[in-house]
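Trainee: With the hints as constraints, model all of the structure from the sequences given.
The primary structure of each chain is shown beneath.
Number of protein chains: 2
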Amino acid sequence: MLFLLARKGFSVSLYEQRSDIRKIKIREGRSINLAVSTRGWTALELLGIDELVREHVVPMRGRMVHSPEGDTSFQPYSAEGDAIFSVSRGRLNQLLLDIAEKCGVKLCFSHKCTYVDLKHGIAYFTVAAEELSEVTIEADLIIGADGAFSAVRKAMQRTDRFNFSQYYIDWGYKELTIPPTPSGEWALEPNALHIWPRGNYMLIALPNLDKSFTCTLFLGFEGDPSFEKLSKPEAVHAFFTTTFPDAVPLMPNLQEEFMENPTSSLVSISCYPWTRYNRSALVGDASHAVVPFYGQGMNAGFEDVRVFMELIEQWGADWSKVLPAYEQLRKPDADAIQELAMANFVEMRDSVADEEFVLRKKIEAELHRRYPRHWLPLYSMVTFSNMRYSDAQERGRQQARIMDEVMARPDIAQSWQELDYEALVKGLPELKS
Amino acid sequence: MLFLLARKGFSVSLYEQRSDIRKIKIREGRSINLAVSTRGWTALELLGIDELVREHVVPMRGRMVHSPEGDTSFQPYSAEGDAIFSVSRGRLNQLLLDIAEKCGVKLCFSHKCTYVDLKHGIAYFTVAAEELSEVTIEADLIIGADGAFSAVRKAMQRTDRFNFSQYYIDWGYKELTIPPTPSGEWALEPNALHIWPRGNYMLIALPNLDKSFTCTLFLGFEGDPSFEKLSKPEAVHAFFTTTFPDAVPLMPNLQEEFMENPTSSLVSISCYPWTRYNRSALVGDASHAVVPFYGQGMNAGFEDVRVFMELIEQWGADWSKVLPAYEQLRKPDADAIQELAMANFVEMRDSVADEEFVLRKKIEAELHRRYPRHWLPLYSMVTFSNMRYSDAQERGRQQARIMDEVMARPDIAQSWQELDYEALVKGLPELKS
Chain D
1 MLFLLARKGF
11 SVSLYEQRSD
21 IRKIKIREGR
31 SINLAVSTRG
41 WTALELLGID
51 ELVREHVVPM
61 RGRMVHSPEG
71 DTSFQPYSAE
81 GDAIFSVSRG
91 RLNQLLLDIA
101 EKCGVKLCFS
111 HKCTYVDLKH
121 GIAYFTVAAE
131 ELSEVTIEAD
141 LIIGADGAFS
151 AVRKAMQRTD
161 RFNFSQYYID
171 WGYKELTIPP
181 TPSGEWALEP
191 NALHIWPRGN
201 YMLIALPNLD
211 KSFTCTLFLG
221 FEGDPSFEKL
231 SKPEAVHAFF
241 TTTFPDAVPL
251 MPNLQEEFME
261 NPTSSLVSIS
271 CYPWTRYNRS
281 ALVGDASHAV
291 VPFYGQGMNA
301 GFEDVRVFME
311 LIEQWGADWS
321 KVLPAYEQLR
331 KPDADAIQEL
341 AMANFVEMRD
351 SVADEEFVLR
361 KKIEAELHRR
371 YPRHWLPLYS
381 MVTFSNMRYS
391 DAQERGRQQA
401 RIMDEVMARP
411 DIAQSWQELD
421 YEALVKGLPE
431 LKS
Chain A
1 MLFLLARKGF
11 SVSLYEQRSD
21 IRKIKIREGR
31 SINLAVSTRG
41 WTALELLGID
51 ELVREHVVPM
61 RGRMVHSPEG
71 DTSFQPYSAE
81 GDAIFSVSRG
91 RLNQLLLDIA
101 EKCGVKLCFS
111 HKCTYVDLKH
121 GIAYFTVAAE
131 ELSEVTIEAD
141 LIIGADGAFS
151 AVRKAMQRTD
161 RFNFSQYYID
171 WGYKELTIPP
181 TPSGEWALEP
191 NALHIWPRGN
201 YMLIALPNLD
211 KSFTCTLFLG
221 FEGDPSFEKL
231 SKPEAVHAFF
241 TTTFPDAVPL
251 MPNLQEEFME
261 NPTSSLVSIS
271 CYPWTRYNRS
281 ALVGDASHAV
291 VPFYGQGMNA
301 GFEDVRVFME
311 LIEQWGADWS
321 KVLPAYEQLR
331 KPDADAIQEL
341 AMANFVEMRD
351 SVADEEFVLR
361 KKIEAELHRR
371 YPRHWLPLYS
381 MVTFSNMRYS
391 DAQERGRQQA
401 RIMDEVMARP
411 DIAQSWQELD
421 YEALVKGLPE
431 LKS
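These protein sequences, in sequence, are chains D and A.
Note that full-length UniProt numbering has the first sequence beginning at 1, numbered continuously upward.
Note that full-length UniProt numbering has the second sequence beginning at 1, numbered continuously upward.
Possibly wrong hints are sitting among the right ones.
Any copy, or any two copies together, can satisfy a pair, since identical chains are not distinguished.
Once the Cα atoms are required to be at most 30 Å apart in a straight line, the calculated DSS-like pairs of lysine-lysine come out as [to be verified]:
#, residue 1, residue 2
1, K154, K331
2, K229, K321
3, K229, K432
4, K154, K119
5, K154, K112
6, K232, K119
7, K102, K426
8, K232, K106
9, K154, K174
10, K174, K119
11, K321, K154
12, K119, K229
13, K23, K106
No lab work stands behind these hints, which were simulated from the structure alone.
Mentor: Laid out in structure tokens, this is it:
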């Protein structure tokens, strides 16, 4: 966003609390993985750096589901071979910083924002660089792209009639690693998102370019099993051996990593308005942090940027036009992806291992094959299109009602290939391409 | 709460940001009115100050509904003559401070809390009294009874996995006054809560001991009509004359008051947990601020105190037992009254003027008259009992389902007196007395 603004001739400065991550060596296997999908690529194309980013991703063409017995089954995301793309968060950040700098954005690291005077467009920072000092900045527009615990949003929270919620789910997560095999190869199929769904919890693994996998265990904080119960290495070993038997031999450092790595919480954040006084605005996680189960957090943030830039195309730097239009346009979509992400947790940890779920997906795939302009599975609308999230959610609801009726037929498992598919899509308006 | 603790031998100090309100003359008609109902009285009895408070209240035995034509109709709260009691917030606070002081609570005014170290039970204050100075207090237990914008809760918001939401409704409110008549009498029936329901907005009036009424206009911030549209005295006069014609002659200072008094917002606050580290806890609005439409905000806060004190009876000062039990017990009830209060706004501003609503209430009253141990209207369960809010809400839902069926009968307006009342209550378990 910043360099798009810079490219348009705005004078843009970036203030970042951390130091320059480009000067820190990143351990690829340890960095958090993100999955770039269509909305992300659309924004990256607009930025002109999609080709550059493509050199750093690993495509995942479907889910590889691992059963408790260690069997696997592959569920492609689409018949057309659509993929989502695993990328290291650190690497992506480095690329974005490089290009921002090239476009003339002034980068100010180690600046911790302590207060924002929204009305007058003034931000206050303490700088940790050499000696501790204070810096005050005045700007026509302050953009809070500062994440789930946004300092700009904190300032907005002090204003009247600012709606806000932060909701922590009862599950936490811990990152673990599957390193390359001793011979330097991928230990699992690389072009898949691996899932070990276990009802109330799950393990997932995403491929890295260095042939390792970053695993994430999603598990309740309390209860049985839970992070609370896994306080000793022996308990961790026993739990993994019982529930993820095929993963254990691939994780030589399981117990050490489990003990050393933090157990992190998962928060869903919602607020409104996203702008104040026509000189401040929130984008990305600052305005709508979501749980990670739809892989859309970063993609939604990138889409904010695309929408924002389109509005600038329309109105120029008339913030009194751009900012209200931006928040009114994006809020319903942020709400939609928030609900969808929460619902997808249930699907991932539970349903993907379910026979009925697999059959349902098969019938949906068949509907899509026969009537591609009338039926697109919800996952595809969210992941492989630029359709508004709120439209995708609404269309998904319509399709779900049809599928509920189909799945309620007593003999559906036998007769699904003989369904009157045309009748099923009859009531649905054609999708815009 | 504080003086109950003091009475039990705890060393208790109260820190308050404002100065001692007992030293400031209160203008009765201007202070915000509260309505004490059964839950409030139960706690006040426990505190032993119910008789004292009764000297300062005005009973309201029902709703006096004012039509747009200026007609009135009285809807009693119950056939038994149950009442809610209008009291000035300032007067009640003064009484509570007096009794707290007598019981040995140390009162520290003009102390503004700047930070709370929850883990170590340390609170930091700046004192505005004479010279600005800083005070640090350590305590075994810090109770945040510090309202909707609680400083203790702010400290909790910085801890991990703290769920929080603040939601502002699109309506605001403004206080106005109906003074006593020139001959010094009540200008309206004093033993009623007066409502001018107008669909999307409403005016209410509560009696004061000095024979004035405190009026509150609840109106949208934006839209038509709205506070935004009422920016000039002439517009205010025209609006009131059209929509509240019988109130206008009773409000000699309408336009000045409307211009001078602030337009305030209405927030609903929810959070969890309510305690941290077994040495801090939230009570009242700090943990569950509600919109004012059920008249239960203060009553719910007083009920927190009753429950808290009952748990201390059971566990003594073992905070590791008392605090988790307190928050687990009260959270569902806080959630229930929050939803009920939001729903009652619709009832007050809209339904009370509706013929079907009035008939529904009549049938419910008849059900209660015939089967008092099986049917208690929701309003009575909330207002005139100490039944848990969550139980009242659930019972209310059961009764609403029955009433929905009754009201769906095509000839109900004619035949309601011939209903098979016994059949209606058949499935309902007997209410605990």
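Trainee: All hints are to be evaluated individually against the structure, with a verdict given for each.
Mentor: Now the hints, each set against the structure:
no.	hint	verdict
1	K154 with K331	both (18 Å within a copy, 26 Å between copies)
2	K229 with K321	between (53 Å within a copy, 22 Å between copies)
3	K229 with K432	neither (50 Å within a copy, 41 Å between copies)
4	K154 with K119	both (14 Å within a copy, 23 Å between copies)
5	K154 with K112	both (14 Å within a copy, 20 Å between copies)
6	K232 with K119	between (52 Å within a copy, 25 Å between copies)
7	K102 with K426	neither (52 Å within a copy, 77 Å between copies)
8	K232 with K106	neither (48 Å within a copy, 48 Å between copies)
9	K154 with K174	both (28 Å within a copy, 28 Å between copies)
10	K174 with K119	between (40 Å within a copy, 25 Å between copies)
11	K321 with K154	within (24 Å within a copy, 34 Å between copies)
12	K119 with K229	between (49 Å within a copy, 24 Å between copies)
13	K23 with K106	within (17 Å within a copy, 56 Å between copies)
When held up to the earlier numbered hints, the structure conflicts with 3, 7 and 8 and fits the remainder.
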